[in-house]
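Protein chains: 2
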Amino acid sequence: MSSKEGRGAVEGLGAGEGVELRRKPTINDVARIAQVSKKTVSRVINRSPFVKSETRDKINEVIEQLGFSPDPQARGLAFRRSFLIGHIYDNPNPSYIVNVQQGILDALYDSSFELVVRPADRRSPTFLSDMRAFVERQKLFGVIAMPSMSEDDDLFALMRELDCPYVRVAAVKLDEPGRMILVQDHEGAAEAARYVAELGHERVAFISGPPTFRSSEVRGGGFAAGLKSQGLTLDPRYVRQGAYTFESGLECGESLLSMKERPTAIFCGNDEMAAGVYRAAHAAGLEIPTDLTVIGFDDSPLTQRLWPPLSSVRLPLRDMGRMAAERLLNPEAQESEDDSDPLTVLHPTLIHRESSAPPVGVTPKKRTTQPA
Amino acid sequence: MSSKEGRGAVEGLGAGEGVELRRKPTINDVARIAQVSKKTVSRVINRSPFVKSETRDKINEVIEQLGFSPDPQARGLAFRRSFLIGHIYDNPNPSYIVNVQQGILDALYDSSFELVVRPADRRSPTFLSDMRAFVERQKLFGVIAMPSMSEDDDLFALMRELDCPYVRVAAVKLDEPGRMILVQDHEGAAEAARYVAELGHERVAFISGPPTFRSSEVRGGGFAAGLKSQGLTLDPRYVRQGAYTFESGLECGESLLSMKERPTAIFCGNDEMAAGVYRAAHAAGLEIPTDLTVIGFDDSPLTQRLWPPLSSVRLPLRDMGRMAAERLLNPEAQESEDDSDPLTVLHPTLIHRESSAPPVGVTPKKRTTQPA
DNA sequence: CTGAAAGCGCTTACAG
DNA sequence: CTGAAAGCGCTTACAG
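Going line by line, the protein sequences match chains A and G. Residue 149 in my numbering sits at position 149 of the first sequence, and the numbers go up by one each step. Residue 296 in my numbering sits at position 296 of the second sequence, and the numbers go up by one each step.
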């Protein structure tokens, strides 16, 4: 509110406190009132270091006074790049999507970026051309993709061709560290395996997701590795291939539970399939966890709606979204100071609820904590 | 591909088939090649009727040939209005959100509009100023809101002040017909009531949503009206106020089921609360539907994960999103030809599953179909 | 460290 | 029915 601005505030604008325009203020208003060129205002907006600090302060004061906020459309036009972040996904699980979006929005909060959502079907014949049109038309600032979309190498080859920055979140290292966030599904599955083994289960089953999701193999691999670390092996007879759907979980569950030597514990590639196993157990007259231990993956809200509440490997969905967005907005932040791998890694954790117990007649042994 | 364009396609561009620019074509390229002014091209883009049809055809041909698509940012800047639709919501139910978004995207498909998502908290002290900044900064084309966001009169007063078009989807007539989509929650709840009455239930309970959602009273009112039509009354002793959450459903369920004369049927304001009632019934050692009939509302995926599968009133979420977006994009479409009310109305329907049965010892009577 | 000119790709008056 | 000029609100070279 320095009085120097008296002159700048002519043209019907009152000086000091009440400086207010009827229309939204533009960079020209700021420049005029601060008595500098719009180019200098632009420098302040874009945090150029080449502005005298007095000048910067004066401009910032006027910006605040006016409540000026640069028009993202105009900036985008001049920059040849918009301030829109695209979230491309094909995951059918609503709570997964909404949580990830929430994380992205956390990172975008108070920025001038907006989140544009774009569900898409990788199998559609127009998939790639649709994505090309989307990115080109909107001149997207960048794109964030979750599994299984993030696993589509053709898509990201296209993004590189279009010069569109992206971040892929996946359970497998698929790209340069700067372009992805790695979620260690492997670890989470291994933890589930160790837990099941510690409870004393030996006839242990696994229901995998579909082969079109890389996480299917990763979760299966992690589970097998976890069992192995406890001296068990994952018997192929106890492995079923599901499709990450409730129905497939039900089918695989029925198949497993009708075996002569049925498993006493089932690890499911996700919670939806675990819900299917619950249904199959119910139909077979088996009680969870007394007769059957079930562990899920995702830790979706469903876990607490089922009875008994389902133990599940929690994916840090919100963090995944937030970190992906942060990486997109600050690509330089990834240049680590030292030589360590700048790859961002996130870790799932097993959430214990009431769907697990030792197999009938077995007292749980704590192999890892109590050496025999 | 008329050969007249030979001249237009100079500057290193091959004529005919392979006309291709290295950069994205602009309105100037189209104008030059079609040998008209860019203003005329603009007229074609904007479907102005004042273009000779030959001229229009020629221009459209060039547009197609070049694969030209106008830059939404540049148009937005000139129009002083973007091509972004904001989806503002506070509903915590992910499947609700995702389904509505899918509907909105259906309507936006192949348009140059994009969907920008914006969860927000009505109770936040900065709520209105945040919304103002969002709308002003992005110069939103329009906004779509679902309950309870859609019920916030202050928000839409602001939208009118900002001259931002909007569509409110709600269970109550809150605005002019052109600015809203009405969903008859009342009807769906009444249908549930009639069904329960026909099964022979007389001790019938209702768990409502929170008073901050208008749908809470509407669903309760519809249910009471439906019972009344069957000669029953909704006894206030059997009414509980929940919060549309699983936990609140559990609490209210426990409260109802611990009554000396406990209800034999419970209608829940949404599926989440119905899941809570399932849990309460389980804890009380009651079996659904033998000992207790439960009906939900929303018809979320949860209905099929619960055991037994939950009967529920289906909300046409995807249609709600689609119609709201269509109304926003074609405000003129609502001017009905005749004098009939142009208000768009959608109707929920009861989906029968296995959570309902006659009360113990009662043979269901078909009051509506079979007059005694 | 700062500014005048030109331009991003479109549309709005205004002419004819 | 069609076009030349000016402008939307910003930034990029280019000077100084």
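Hints in this document: simulated from the structure, not taken from any laboratory. Don't be surprised by glycine CBs; every beta carbon is placed ideally from N, CA and C. A few of these clues could be false.
[To be verified] Quick list of in silico lysine-lysine cross-link-like pairs, DSS-like style, CA-CA up to 27 Å:
#1 A:K39 <-> G:K139
#2 A:K139 <-> G:K173
#3 G:K260 <-> A:K139
#4 G:K173 <-> G:K39
#5 G:K139 <-> A:K38
#6 A:K260 <-> A:K228
#7 A:K139 <-> G:K24
[Stated by the list, open to error] Sample of chain G residues lacking proximity to chain A, with all beta carbon distances greater than 10 Å (derived):
#8 N99
#9 E114
#10 V117
#11 K173
#12 E176
#13 P210
#14 S258
#15 E272
[Unchecked claim] Covered stretches of chain G, going by a simulated chain A footprint (3 or more residues, C-beta under 8 Å):
#16 47 to 57
#17 71 to 85
Verification of the hints:
1. A:K39 <-> G:K139: Holds: A:K39 and G:K139 sit about 24 Å apart, inside 27 Å.
2. A:K139 <-> G:K173: violated, 40 Å
3. G:K260 <-> A:K139: Violated: G:K260 and A:K139 sit about 65 Å apart, past 27 Å.
4. G:K173 <-> G:K39: violated, 43 Å
5. G:K139 <-> A:K38: Status holds; Cα separation ~22 Å.
6. A:K260 <-> A:K228: Given pair A:K260, A:K228 holds - Cα atoms ~24 Å apart, limit 27 Å.
7. A:K139 <-> G:K24: holds, 11 Å
8. N99: For G:N99, whose nearest Cβ neighbour in chain A is about 8 Å away, the distance does not exceed 10 Å, so it is violated.
9. E114: violated, 5 Å
10. V117: It is violated; G:V117 is separated from chain A by about 6 Å at its closest Cβ, not greater than 10 Å.
11. K173: It holds; G:K173 is separated from chain A by about 29 Å at its closest Cβ, greater than 10 Å.
12. E176: holds, 27 Å
13. P210: Per Cβ check, G:P210 is outside 10 Å of chain A; nearest 18 Å; holds.
14. S258: holds, 19 Å
15. E272: Violated: least Cβ distance 8 Å, not greater than 10 Å.
16. 47 to 57: Not satisfied, violated; 0 residues make the cut.
17. 71 to 85: Per the Cβ count (8), the hint holds.
Of the numbered hints listed earlier, those contradicted by the structure are 2, 3, 4, 8, 9, 10, 15 and 16.
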